[in-house]
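Asker: In case you want the letters, here they are:
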Amino acid sequence: MSDSRFIEGRAAALRIENLDTDQIMPKQFLRGIDKSGLAAGVLYDQRFDAQGRPRPDFVLNRPDYADTRILVGGANFGCGSSREHAVWGLQQFGIRAVIAPSFGEIFYSNALNNGLLVVMLPEPVIAALMRDADDVANGQIRIDVQALTVCSASVDAPFTLSARHQRMVLEGLDVIGLSLTYQAQTEAFAAAHWARHPWLRDVSAVTGRRLQLNRS
Amino acid sequence: MSARTLYRKLVESHTVATLDAQNVLLFCDLHLMNEYTSPQAFAALHDRGRSVPVPGQNVAVVSHIIPTHPVPSTLRVIADPASALQATNLAANCRRHGIPLFDTRDALQGIEHVVAPEHGMVRPGMVILCGDSHTTTYGALGALGFGIGTSEVAHVLATQTLVYRLAQDMRIRVDGMLPAGTTAKDLILSIIGRLGAQGARGFVVEFCGTAIEALSIEARFTLCNMAVEAGARGALIAPGQAAIDYVLARAPDITGEVRDAALAHWRTLASDAEAHFDVEHRFDATEVVPHVTWGTSPDQVLAVTAQVPRPDAQQDEAQRRSTEQALRYTRLVPGGAIEGTPVQHVFIGSCTNGRIEDLRAAAAVVRGRHVAEGVRAMVVPGSGAVKAQAEAEGLAALFTDAGFEWRQPGCSMCLAMNDDVLADGVRCASTTNRNFEGRQGRGAITHLMSPAMAAAAAVTGRITDVRLLELNHV
Chain Y
1 MSDSRFIEGR AAALRIENLD TDQIMPKQFL RGIDKSGLAA GVLYDQRFDA
51 QGRPRPDFVL NRPDYADTRI LVGGANFGCG SSREHAVWGL QQFGIRAVIA
101 PSFGEIFYSN ALNNGLLVVM LPEPVIAALM RDADDVANGQ IRIDVQALTV
151 CSASVDAPFT LSARHQRMVL EGLDVIGLSL TYQAQTEAFA AAHWARHPWL
201 RDVSAVTGRR LQLNRS
Chain F
1 MSARTLYRKL VESHTVATLD AQNVLLFCDL HLMNEYTSPQ AFAALHDRGR
51 SVPVPGQNVA VVSHIIPTHP VPSTLRVIAD PASALQATNL AANCRRHGIP
101 LFDTRDALQG IEHVVAPEHG MVRPGMVILC GDSHTTTYGA LGALGFGIGT
151 SEVAHVLATQ TLVYRLAQDM RIRVDGMLPA GTTAKDLILS IIGRLGAQGA
201 RGFVVEFCGT AIEALSIEAR FTLCNMAVEA GARGALIAPG QAAIDYVLAR
251 APDITGEVRD AALAHWRTLA SDAEAHFDVE HRFDATEVVP HVTWGTSPDQ
301 VLAVTAQVPR PDAQQDEAQR RSTEQALRYT RLVPGGAIEG TPVQHVFIGS
351 CTNGRIEDLR AAAAVVRGRH VAEGVRAMVV PGSGAVKAQA EAEGLAALFT
401 DAGFEWRQPG CSMCLAMNDD VLADGVRCAS TTNRNFEGRQ GRGAITHLMS
451 PAMAAAAAVT GRITDVRLLE LNHV
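Here the protein sequences come in this chain order: Y and F. Mind the numbering: the first sequence is residues 1 to 216 in the working numbering, read in order. Mind the numbering: the second sequence is residues 1 to 474 in the working numbering, read in order.
Next up, chain Y with everything else stripped away, as it sits in the complex:
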């Protein structure tokens, strides 16, 4: 799977702390029942003014950064809402990895569940990567997902990623399929769990019948 071993390309620095998923994917783009069309919504209020015109000074709108593949962000990147649309949108926009000092927890899981690589590195390394990304001539970053290293013009840094998450990025694991191999164990667990705690069994079904839901 050498194809997914290396993620490399243009990097862009987003110097915003606590960049929440409301900003990454605003509400008006959440009205679908599929995953399509989300590239248009990525960082919409940053990329476009109130009249819908591109803001020329925003990094992702600059011609030199049109082929951005990697974002270097501030601390707590992707905090807030659980909306996975933020991850789908970034991927549709062409982003293959986000590097930041830390990530919102739900975003972190969402990213890896979709094969979007998330790399945590200390603040000083992030600052150096951001400076490199600002330099159009030398703003390329190369990430080796096998060796777990990040390289740029001035940085050659190792990072950590759990073996499970590494496989998810390299091999695109079917997590549900894997968990279904535990189906017999889950059923046995549930039977014992409900025998001990009968008040937990069918809790929504019992409540739904009492409240007469789904009448229409």
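Hints were generated in silico from the structure; no laboratory data involved. Yeah, the Cβ is synthetic: ideal placement off N, Cα and C, and Gly gets one too. Watch out, some of these pointers could steer you wrong.
Calculated Cβ distances over 12 Å to all of chain F for the following chain Y residues [said to hold, decoys possible]:
1. 5
2. 27
3. 60
4. 61
5. 63
6. 64
7. 83
8. 138
9. 144
10. 146
11. 153
12. 197
Here are a few chain Y residues that face chain F, going by a calculated C-beta distance under 7 Å [to be verified]:
13. 20
14. 33
15. 45
16. 81
17. 106
18. 113
19. 161
20. 162
21. 179
22. 200
23. 203
We have chain Y already, so just place chain F on it with the hints.
Answerer: Chain F in isolation, oriented as in the chain Y frame:
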């Protein structure tokens, strides 16, 4: 067995299998869904020919996109075609799999985190998942709840489990009594202000102490709901008698021997005396004052009596930059007083503060007063049940007589996914949970505060210290 925290007990009692050093396969007792984070999960299931093996542990609510216009429940219409499709799609998915649904025109429809506990579905000791970050709310009843993404929604639907990365243990002890004029909202805002937006990232937080024990269950919902704004992966409060009474009053199916067994189990749901917490914090409730956010992150918060921070007084460059960015958006003067800032809109509602006690607290401020000139104020009850209760208590009439709009339930202006959207530059006193840029509308400015503080802003037209207004309790 060594001493364990309540969090560890809940995880261990729901572990189907240990997958590796960091991850377990966690059993889910209750899975809640809404119309906008579940459609792609159902689609993924259907694409692979997968089924929902345990539909009776799942429930769905139309909550985020639903308009809140004041029409009778049976006449509610979702005018936006895309949003309407989300609602009909959810109904079709629930029908297909036999999942109970609080649908658009159900009189009990509301916000998922208000609806689930008020009908007794949330019970101590449960693991509860939902494609919504504010699922931490259920810690108020001693249930481990947390938000998940849509891929994980599909995983829960297909397996009734989640691949779960273990968190660390944090304890926040709050002793003393909250002073008059302050609430759980002020307490959690002050905690988030001190910890920061990622101060609890990686942790499940257990709240304890005399101040926590004195909180009503609804106040505990507010507290645990916003723990996620400090980055917490979950929040917990050991369920004492108040939590047990709350649940039993709403869960008539728990009777006889089952009730005795439940009571015996629920009494074991506490951290052992010697349990180790990775991090501990202490707060003094007696020092809490009414809090208001000034920036674009919930940790950018201050006492209503304090001054807006100056970027040049910040310690490091990142803080200076985020203070500047926030103030540019919120259009406040560095070093100026937050109190007295004029507002054009007031929103009372949300899964944080849309319950009956919240409405009573707001009503106590509004009684005998009127919404100030130039202010649009709305109350959006958290659910149909809350709405009916408030109407029965006369609160609805009180609000409408005072010039408030009294609307149908839903998430509404908390995230403005429906048509309750603010215009550019409108400043809103809001009882919600996030003051993010553009959250309530592009360019709209959100000041998070308690229901009483929001009511005070409504009647004075500016951010006001509610302690200075005489209360007229209902």
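Asker: Hints first: check each against the structure and report whether it holds.
Answerer: For each hint, the structure was consulted:
| no. | hint | in the structure |
| --- | --- | --- |
| 1 | 5 | holds (22 Å) |
| 2 | 27 | violated (5 Å) |
| 3 | 60 | holds (16 Å) |
| 4 | 61 | holds (17 Å) |
| 5 | 63 | holds (25 Å) |
| 6 | 64 | holds (23 Å) |
| 7 | 83 | violated (7 Å) |
| 8 | 138 | holds (23 Å) |
| 9 | 144 | holds (22 Å) |
| 10 | 146 | holds (19 Å) |
| 11 | 153 | holds (22 Å) |
| 12 | 197 | violated (7 Å) |
| 13 | 20 | holds (5 Å) |
| 14 | 33 | holds (4 Å) |
| 15 | 45 | holds (5 Å) |
| 16 | 81 | holds (6 Å) |
| 17 | 106 | holds (5 Å) |
| 18 | 113 | holds (4 Å) |
| 19 | 161 | violated (11 Å) |
| 20 | 162 | holds (6 Å) |
| 21 | 179 | holds (5 Å) |
| 22 | 200 | holds (5 Å) |
| 23 | 203 | holds (6 Å) |
Against the hints set out earlier in the document, violations occur for numbers 2, 7, 12 and 19.
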